[in-house]
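*Asks:* Given the coordinates of chain D, work out where chains C and A should sit on it, guided by the hints.
Just so you know, the sequences run in chain order D, C and A.
Counting along the first sequence from 1, when you hit position 262 you're at 265 in this note's numbering, and nothing is skipped either side.
Counting along the second sequence from 1, when you hit position 40 you're at 716 in this note's numbering, and nothing is skipped either side.
Counting along the third sequence from 1, when you hit position 162 you're at 169 in this note's numbering, and nothing is skipped either side.
Bear in mind the hints are in silico, worked out from the structure with no lab data behind them.
The model shown is predicted, which means the values in this text are computed figures rather than measured ones.
Worth double-checking, as some hints may not be accurate.
Said to hold, decoys possible - Keeping only pairs whose Cα atoms sit at most 20 Å apart, straight-line, the calculated EDC-like set for lysine to aspartate or glutamate is:
(1) D:161 <-> A:56
(2) A:14 <-> C:805
(3) C:710 <-> D:25
(4) C:705 <-> D:89
(5) A:221 <-> D:131
(6) A:14 <-> C:813
(7) A:221 <-> D:89
The chain contents come next:
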Amino acid sequence: MKVTSEPLLSIKGLKTSFHTHDGTITAVDGVDFDVFAGETLGLVGESGCGKSVTALSVLRLLNPSMTTIRGRVDFNGKNLLDLDPEEMRMIRGSTISMIFQEPMTSLNPILTVGEQIAESLRLHEKLDNKKAWKKAIHMLEIVQIPSPEIRAGQYPHKLSGGMRQRVMIAMALSCNPCLIFADEPTTALDVTIQAQIIRLLEHLKKGSNTSIVLITHDLGVVAQMASRVVVMYAGRVVEEAPVVELFHDARHPYTRGLLKSIPVITQDKKTRLNEIPGIVPNLLYMPKGCSFHPRCSEAMDICKKESPPMIHLKKNRRVACWLTSDDYGEN
Amino acid sequence: MNNIYINTKNNDIEPDEDVKSSSGRGWAKLKRNKAALMGGIFLLIYIGCALGAPILFRGDPSAPNLMDSLSPPCAKYFLGTDELGRSILGRILYGSRVSLMIAVGVVGVGLLFGVPIGLISGYYRGKTDFIIQRFTDMMLAFPGFLLALALVAILGVGLENTVISIGISMVPLYIRLVRGCVLTIREEVYVKAARAIGTKDRHIILRHILPNVLAPITVQTSLGMGTAILFAAGLGFLGIGVQPPTPEWGSMLGSARAYMMGKPHVATFPGIAIFLAVLSFNLLGDGLRDAFDPRSKI
Amino acid sequence: MLNFLLKRLLAIIPVLLGITLLLFFMLRMLPGDPAQVLAGQMASPADVEIIRVQMGLDKPVYIQYASFLNRLVHLDLGVSARTQNPVIEEIWAKLPNTVLLALCAITLACAFGIPAGVIAAVRPYSWVDYLVTIASLFGISMPVFWLGIMLMIVFSITLQWLPAGGIGTWKHLVLPSVTLAAFVVAFIARMTRSCMLEVLSQDYVTTARSKGLKEKAIIIKHALKNALIPIITVVGLQFGLLLGGAVLTETVFAWPGLGRLIVDSILARDYAMIQGSILIFGLLYTLVNLVVDLTYAFVDPRIRYE
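Bound conformation, chain D alone:
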């Protein structure tokens, strides 16, 4: 697994806003991060923090009449946000692909599973019908679906949730993309199936140079699979670190809160579970200053007035928190 110094994908200042009757909601508010070839990057945060929207913005899958996307997304020397729709379309599914959260609803109910894989192959790899079908069956085999020739001719409703997610993975891998966005790939599945899917993803990653952006709220999955982690809160990046460092030395109070709230299987049943008090802010009414301060146990005066700057501690290590700035003096 080579990790070159040039990032494969470089997101700079991404801002995505939705225009609704109640006002403009900025779901992604100035997000930057890089993805390098061959790595697994964990994108972590609570529901509604903007992590899915970030992925959808990169792939430009949002409704253009209702959304405004600003910033830069550099990939292979081009800014994806500047490409015209036809060029973008050719990148989707072939160079960058996505795995979605809900396997139950993300597959077309009236097309066979094999056809849904084959159509990408016919389009991007220019295979003819026969070869595409054969490769589709092969893909099903790769994702460890038994009796793939039979399954390929079946409709999604005949498959279980775990199998459907495998099909989604097969679809995403079929054209050998260099980058995959996996949006909560295991959230909708049973715990035991989750473990199987994670193992499958790890297995598939071995020996390939494909990068994965693993979007999840589950820190356990992150610990297992990711090499680096980016933590998001209310549309902004609050912390970034290599995975081991994040778990051992989280700097942002939110990250610390998340880690503390993981229940320990050996803890006494009678002890209270730790939680981060309060709720995620309504994006229409964001608090002044640091967006996390109302829930932060270590909030200072400045936190209530001004938004903290992003402080770069080392390469690939940064925190957006006044506390860190205090330690280090001025940025």
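*Replies:* Only chains C and A this time, still in chain D's reference frame:
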């Protein structure tokens, strides 16, 4: 070390002042819908015509005046006259009373029978429901207009029979609609809870179920009034609805057919009246549906 | 699917029986003597007695119903008091005309309505969408007989391009079909639009987009194919409604179909004919609904492969 359980009153997030009740949001949405607003205005004009007909038009709209027969629109007769020399404008104005009466009557019949039967059928299920459903199936085995036609064949012609026939043909629609809603609502937890504490059935139906059925009923009623006017006009056109000399838009069209060749205006204006009236109910009904019941299939 | 088929077939039996019951009692709900009613106003007392015995009207009700059903099975619907021909013959002569008209209308309606609805859904809030929405609203608010008269005034009387009524060449078919289609095309366009909008917001459409499929493929292969399932159901039901709407259109254009027959019979108080034609209409409508259900089952793989 601060207390980890922070009192959230100390933060400076504004509380959610704009949270409206779901019906409050609905009204706001309705007001934004320009088409529905237009429909509402048309409807008010229509009701105004109906109520104000004696003021807006002096004289007897049905009194023949053969000297002025079939005159085109002019200064004296704003919309012209029909074959018996009667002012078309006057007949249309008085006709709006008739059609409004029919619309209200028809929907009244539909609601009067449809809602209670639907409520009972959906709530009690079992044999009652089965029988009622088979009966509804039977009635729905005929397209609406045809059913009304058949009933007119049995009951006879005239205003009252028109209302009854069309009304009866609408009852199965209301039964189906209400029953469908009731079936969903009765599975809600709060209904089960009410039954668990021994609340009387009648109380549950009236206080818990009925309010939730009001939204689709209202939509159906608005659309149904439009349909009623169309059906009544259809029967009138065929000569088996409201009988002359009572001014009814459909029968006006029916008798205008003979004069289409030279005097198209006799047929044009009553048709426009029907069209505008039905359009207003449809615009309003659509707006109501978008605002209060967006997932409905009607 | 076989299960589904059988269940549906079984379900129409009570409906069919119900229709016959309804019509059987319809006759007896009329004021006066049923035999007199059947014989018509022109009949002599002797004729009335013949009818009474023929129809078994002197026997108890359940025997009457049984013989009514028996006669139905043998396609004996009585004799028209107006023309003195067997009812079944008159119906048989006129029915194909109505079916032809309805088929033309539904074809026209689908040919224009479905594409219009798709375009409106794919470009929401564009001028096409507004046009389709407004045109649809107009279409469902317009009385079909008025539209027919207006079209007749413009195309037959003023422009003299098309005949004003009757049957004969394809030219005679144009105005009645267009008139009849107007309401339905509006309804189908609206249904298509809302079904497409719903499908386009589904997750699997986002998945299809993320695979980089061409927009046309997404709209037709992924979205429309799914949306067609409920649309087909609606189209089928509309066909049934068309049979009812035909009554008015046939009257306007003097089209010799079943609808006009019913109207003439009602005006002439020809009750055997009224009963017979409404029965046939009901049967036809039920049959159409059954076909729609079966098509639905066939097209949706979730039901087909159950």
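*Asks:* Taking the earlier hints as the rules, which of them does this structure contradict?
*Replies:* 1, 4
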